[in-house]
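Q: The primary structure of each chain is shown beneath.
Protein chains: 10
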Amino acid sequence: MTKREVGDAIEAAMQERKLTFADLAERLGRPRVWVAAAVLGQHPFTPHEAKQLVAMLDLAPEAAAVLEQIPTRGALDGPVPVDPTIYRLYEVILVYGPALKALIHEEFGDGIMSAINFRADVERVPDPAGDRVRITLDGKFLPYQWG
Amino acid sequence: MTKREVGDAIEAAMQERKLTFADLAERLGRPRVWVAAAVLGQHPFTPHEAKQLVAMLDLAPEAAAVLEQIPTRGALDGPVPVDPTIYRLYEVILVYGPALKALIHEEFGDGIMSAINFRADVERVPDPAGDRVRITLDGKFLPYQWG
Amino acid sequence: MTKREVGDAIEAAMQERKLTFADLAERLGRPRVWVAAAVLGQHPFTPHEAKQLVAMLDLAPEAAAVLEQIPTRGALDGPVPVDPTIYRLYEVILVYGPALKALIHEEFGDGIMSAINFRADVERVPDPAGDRVRITLDGKFLPYQWG
Amino acid sequence: MTKREVGDAIEAAMQERKLTFADLAERLGRPRVWVAAAVLGQHPFTPHEAKQLVAMLDLAPEAAAVLEQIPTRGALDGPVPVDPTIYRLYEVILVYGPALKALIHEEFGDGIMSAINFRADVERVPDPAGDRVRITLDGKFLPYQWG
Amino acid sequence: MTKREVGDAIEAAMQERKLTFADLAERLGRPRVWVAAAVLGQHPFTPHEAKQLVAMLDLAPEAAAVLEQIPTRGALDGPVPVDPTIYRLYEVILVYGPALKALIHEEFGDGIMSAINFRADVERVPDPAGDRVRITLDGKFLPYQWG
Amino acid sequence: MTKREVGDAIEAAMQERKLTFADLAERLGRPRVWVAAAVLGQHPFTPHEAKQLVAMLDLAPEAAAVLEQIPTRGALDGPVPVDPTIYRLYEVILVYGPALKALIHEEFGDGIMSAINFRADVERVPDPAGDRVRITLDGKFLPYQWG
Amino acid sequence: MTKREVGDAIEAAMQERKLTFADLAERLGRPRVWVAAAVLGQHPFTPHEAKQLVAMLDLAPEAAAVLEQIPTRGALDGPVPVDPTIYRLYEVILVYGPALKALIHEEFGDGIMSAINFRADVERVPDPAGDRVRITLDGKFLPYQWG
Amino acid sequence: MTKREVGDAIEAAMQERKLTFADLAERLGRPRVWVAAAVLGQHPFTPHEAKQLVAMLDLAPEAAAVLEQIPTRGALDGPVPVDPTIYRLYEVILVYGPALKALIHEEFGDGIMSAINFRADVERVPDPAGDRVRITLDGKFLPYQWG
Amino acid sequence: MTKREVGDAIEAAMQERKLTFADLAERLGRPRVWVAAAVLGQHPFTPHEAKQLVAMLDLAPEAAAVLEQIPTRGALDGPVPVDPTIYRLYEVILVYGPALKALIHEEFGDGIMSAINFRADVERVPDPAGDRVRITLDGKFLPYQWG
Amino acid sequence: MTKREVGDAIEAAMQERKLTFADLAERLGRPRVWVAAAVLGQHPFTPHEAKQLVAMLDLAPEAAAVLEQIPTRGALDGPVPVDPTIYRLYEVILVYGPALKALIHEEFGDGIMSAINFRADVERVPDPAGDRVRITLDGKFLPYQWG
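Protein chains in written order, with my numbering: chain A, 9 to 155; chain B, 9 to 155; chain C, 9 to 155; chain D, 9 to 155; chain E, 9 to 155; chain F, 9 to 155; chain G, 9 to 155; chain H, 9 to 155; chain I, 9 to 155; chain J, 9 to 155.
In short, the hints are calculated from the structure, not lab data.
The C-beta atom is built at its ideal place from N, Cα and C for all residues, glycine as well.
There could be a bad hint or two in this list.
Now the in silico label distances, taken between C-beta atoms and shown as ranges [unchecked claim]: (1) F/K26 with D/T28: 32 to 40 Å; (2) D/D31 with C/E131: 29 to 37 Å; (3) A/D139 with B/E24: 39 to 47 Å; (4) H/P69 with J/D31: 23 to 31 Å; (5) J/M9 with I/G86: 34 to 42 Å; (6) D/W154 with C/P69: 43 to 51 Å; (7) D/W154 with E/D139: 24 to 32 Å; (8) E/G37 with F/A20: 49 to 57 Å; (9) G/T54 with H/D129: 32 to 40 Å; (10) B/W154 with C/T28: 15 to 23 Å.
Excised from the complex, chain A in its bound form (with noise of 0.2 Å):
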């Protein structure tokens, strides 16, 4: 069994029982994105949170290994994505990166924002001209330091 298999029959058993990602997040007492991203195959789960997912969803016994190994990370399918929902992040990138990476230097100085002591969040924000999409990326700020 693959990741992909076992997220596969994660959402396939999710859509059947009316569950959504907001369900298995809180039940496990984990935030959303992580969840979504975890099933998704980019984070292993503890083995406690593995066996919870197993009897909550009635897998397979063998998908709880699956879901405890740590990930070979990368969900897309090529360098540039195709779906637009994805696209509109990385268009974000094409048109606000170097702007973003100007202003994280002209703050901190010469580093980055971590993707691994990082987490994300999504919200949906009211407005009367239509609602929002808020996503929030948080990350710790790593000096380029030499050690």
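Keeping the supplied structure of chain A fixed, place chains B, C, D, E, F, G, H, I and J upon it in accordance with the hints.
A: Frame of chain A, contents of chains B, C, D, E, F, G, H, I and J only:
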């Protein structure tokens, strides 16, 4: 004169005058990310702003017209960014893109976060374990709508 | 079952029953291009429509859930289409893309034609010199707007 | 002088004289999309039109010969457009390309919409929910025909 | 069953029965290149021809419907062919493509040789210094015509 | 001076003197396709021809040496041609390449059509339904031969 | 059965019987490089050789027909080989390709070394400083010849 | 001055003085392939050789330092060579690469032919059926060795 | 059975038996990085080691032969690694590659660090500011040597 | 002035003055790899260091500001390095990347070796069988940590 040449001239003038994008943003009454993106060639300035910049930074007079042009956008040299600060944003899409898509659909239904009716911000969040970079991406939700 | 497998099953059933996309569109009360795109995996059907299709074309019952899923969009195998009928649309972008951009900006200012709040149509236009294909792309204008 | 240099000179002269592509199109008696594409290097002007443009915009005399040359066409820098306004047209092919192909075949049989015997137009369609961009692609149907 | 599977079945049956594409072409009353291309999945057969092939080569009955489908064309695995026999045709474009373009424009004006209203042939031309392969590409000239 | 610069100078001189490649071919006693390819940098001229061209078109004297050099061949900017006139030749390979290979093998056995011991021609074939472009590719058959 | 499947079966049988390509080459009376290439799917065997191989290695009877087919050649997965043993050959082209071209032209004039009328060999050359691999590439010189 | 500029200057001086790479090789006491590769920017000359070349070919004095630099190697413009003379070498890898690898392993065990401790030669081999190009690649065998 | 399938079986058996690569390395008397690379398909095991592994992990008997085969090396799916742990190594080349090259040349002269006569190690270095990963790459210097 | 131009000027001045990167490193009190990387445009110098370099190497005064800029990093021309000295590092990732990942995870758990809080060194290790290049990559371990 190209957008890139004018942008380079602005950055040189900023360095000489010890001006930051935050300073420029304040003088123009515009958000910082927008101003940095516009200087880097991704947004047109209004004729008034273009004149302000030419005066403030002592640019060549013909720079004003260039600053007003609607640009051909796209600020990277290839499909995958190589600069580490920008690459981390790309890695976020590789690892979390499908999770963000899943949660947008769970929350809003089928559609996208607009990258056009869109704003972004970068903040420094103090943290005893090391300050954090918080990037907010905030775009209008656009449902798939046949017309 | 994947979107592609269900789509193949629908097309096989259509061929057997001599049904066209126009027929399906009429029975579902939906535009033709939308229906063809949805069958080819690019749009979710409503639960009601999914049931109609399963009944009308005698599909496997589990196809309904697949038809309702929000898809990961993108229907080509590579960045440049190789099929001649689809390539001609790509050639139109290669040759006329920047001209269309210039005229959108001339007419509306800085912004885009939405591909989300969007509809398309294909018509046959009789012409004594040979009938013509007329494709209409019709999307909401979205001005660049910082929020 | 290259096509691109002459095109840049024309656009600079247009900006200075506050002329639009619509103005040029009217003076030359040619459709707007054709004129914009030709200025951007994708179509040759007739000798008469080339002279008109040189006179009207005070171009260098040797520009006329360049404007008359049959171009090596193709106006993008890479296989996938990065400018958001042009990318949306590409996204339409990614999402709707196979559906448009299916409907062309359903309506006309095996063949293509010509991109050579072809015209395009861009219109503004007023809409209370926000004006719309309507792009019409109109090409002769060419059936596969062995000779 | 896919076009490729049916094509493989036809080639296996041809090998077993010692039939060539020339034999098939004669029995179907079609040119050889067309028949070879159609067997390799690039052209639809008429219903009558599909039935003939199924009978003649003892194919599975459901192959007939597959043979009649309008294909998604494109018979190579990547943008640059690797097989030496096919690569030589590509090399001809690399070396002579712009020359052929220049001469088409010199002879006909601005336009293309259609690849749709098109036929091709392969002949053996005896030559004492070694027989020659003569490939004829013959397509209707299509002038750029705005409509 | 590069091959490209000399080629551009030749084309400019031809345009000024209203000379075609056919005229050049006649004066040099060489076939048209060969001459066009050589002007476009794909074949070396003999010293005698190089001198003739310099004299006939009043080129810079140092052009002669450049025209005599054996070129680094390859006249396109990327693996897939974007100019529509040249792309149609590429499309012919995509659609008919494997069929041409199959027929070469059927007729000659295992081997290739040489692109080195090779000639090509372009003709205009009058046709009441629209004149046709006939391109002949004629190369020596080279059987795979181990030595 | 594909060429690859038959090749895998041959290699498995060779491993089991402790046979080398040199052994096969001797039994078939063919050069080693040719035999290895043919087993790896790059050359057709004669019907007699195919039968010999089937008998000698106890292959499935239908393997014979596969071994006789003229292959679609090309034995790498991408344009740049990743296996270090094969990459070194590619590196030789990157570093010495233009030098080899210059010397072929210096010695023979304009033309190529055929890769069709071609043979190759690999030898072990004893050397006190470490034995050497000597690869000989030996192809007929083909001058550019218009026919 | 870059390696390429110095190389171009050397080739121009050779053409003017009717010197071949073989002549240069003889005067420098170096093998021909090495000298051609070094002129084309792939090897550093010794200070003594650099001075000899500057004197012999009347190069600019600052060329000597450039000729002595250790180069950033790699002499092609893209991953797949387009020049036919160089492409044939690449085709040899596509067709025979895995066979050569298999025979190196059969003869020597696991390892590679070095492209660093390496020499190459090009010879003309007279043959009544047409002279042959024989390229010898001769590199030290390096076994995989963990240290 | 392929190298990948056997590698997956080994990893599954390791997970079940709570064995690490360090454990395997100790039992086989081989360095850890070598063993991990070999399990992941990049090095052949000796017949003795292959038998040990089959016995120790209760693998299918035919796995032994697969483990002994010299592999076609290369363990990534594309030219740029997407997994963040592996990407960081690639980023090191992007940022420090030319610097490492310059220092190798400064220290040793023209040549390379062998990746064949090569060993690597990974260590944990305790550090109060957070433990560090130290990777040592250690290869024989190979000077460019014409032979 | 660009980073590359200043870097070229520094290398020219070093060559003229017979200075090595080791010399520069000593004078600046910085590690050699860092200094080489910074000269090659990958790290900003402090204002003090920039002044030292300008004085020491007699650079143009405006070089100082360029040396202080935070760079857009990435020092290769394409995704796969072609220079053999740098390619060997890339080959190490192709062959050992997944093994290094597996051992980092075995030793530290899920996370990465930072390429930002990172230092590298190159040493010459004397060895009777030929001196060795030892490259040490030493980065802080960063565990995946949601925040």
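Q: Tell me the hint numbers this structure goes against, listed in increasing order.
A: Per hint list: zero violations.
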